[in-house]
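Q: Chain by chain, the residues run as shown.
There are 2 protein chains.
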Amino acid sequence: MQVAIALFPRLTALDAIGPYEVLQRIPDLDVVFTGEQRGEVRTENGFLGLTVDAAFDEVPAPDVVVVPGGVGTRELLGGGPYLDWLRAVHPRTRFTTSVCSGSLALAAAGLLDGLTATTHWSIYDFLRQYGAEPVQQRVVEHLDRRIITAAGVSSGIDMALRLAELLVDDVAARAAQVFIEYDPQPPFDAGHPSKVDAVVMERVGEYAKIRS
Amino acid sequence: MQVAIALFPRLTALDAIGPYEVLQRIPDLDVVFTGEQRGEVRTENGFLGLTVDAAFDEVPAPDVVVVPGGVGTRELLGGGPYLDWLRAVHPRTRFTTSVCSGSLALAAAGLLDGLTATTHWSIYDFLRQYGAEPVQQRVVEHLDRRIITAAGVSSGIDMALRLAELLVDDVAARAAQVFIEYDPQPPFDAGHPSKVDAVVMERVGEYAKIRS
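Line order of the protein sequences matches chains L and W. Counted from 1, the first sequence has number 178 at position 178 by the numbering used here; the numbering is strictly sequential. Counted from 1, the second sequence has number 107 at position 107 by the numbering used here; the numbering is strictly sequential.
A few of these clues could be false.
Note that the list lumps identical chains together, so a pair holds whenever it fits in one copy or between two copies.
Unchecked claim - With a Cα cut of at most 16 Å, we get these calculated EDC-like pairs of lysine to aspartate or glutamate:
#1 Lys195 with Asp170
#2 Lys209 with Asp28
#3 Lys209 with Glu44
#4 Lys209 with Glu141
It should be emphasised that the hints constitute simulated quantities derived from the structure, not laboratory data.
Use the sequences and the hints to build the structure in full.
A: As structure tokens, this is what we get:
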């Protein structure tokens, strides 16, 4: 099975690399990084380059699609090769998925019309404008529609473990989890706005201005 | 402050990208991906290319060093530019850190002599051969020696949150955690060999043979 992770300029790296790292360990799955054209794309702040190995026309029938997020999603929403490719491949995927603001691209491609979906906590209203019904949940599945969306950035790891279970079996998912030693022990319990105070949210606002 | 993430061929991507994603959001920190030479390095299985933007001689005085792991660490341990650079920059860093088997490189550079340290669960004995005292712990700090090591792959995210606290303050760490919505909800509790059964460990062994 082929897993296509569709990159674009100004993406958020962990949105893509979390699922990659879980899925690449499972021999039944091959991962390809695709995009509008071959070559390097850079993350939001320019600190990191990732390679697109295959242009969209070289990936016509992926079994799984992963759409990462990042401020660069905004450039995709008006239409173009990225949305065209999503619409073209989705009818034959086993699962079409997104992480973080990647769900905006799925929605703009018309794939989330009337469906509940999740995204980064900061853009529920923005997602609603594109026809989806945002819900505050880490992973939202519509297995009958073959659509799975994940919340902000790191949630793609959790989603990918579920994908591994759906694509192979729960032993594969657990094996991948052991491999990446995903036994989270964050030093703070601060993974959502509901878990932090106003001082932290003010800092989040400052950082967003500078680095978004 | 400059954070240098030192790449090498056949690395594990999430070891590097986890800490990157946490730290890149904090305006006080700039992240640079360094390596023996500029250009692309590929992950263990070749599925992903990451760009080295600055050769080691262009990064002579980083404030923080992050050494990721991956099967490619084995090629570093005999000596060469990678270990030379670690030895050269460590005396002036605020923190020299590793994720997963990256601690082998720190140890081979002589930076962990007689210290407790952590690494991927599968290579405690290997780490011991290089002079460190392996302990089963997600993050091991020696603040007086400015050394922090993290366990397998995903543990770099937890370590980086602690680094953010040490480098800036706990508000910065919490803000970064909110940003990346790091509120883990893995579908399985299978993040360590102690948490899975023999069937899963057998699968881990199969996967390791094919994809290491």
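Q: Starting from the hint list further up, note which numbers the structure goes against and sort them upward.
A: When the structure is compared with the hints, only number 4 turns out to be violated.
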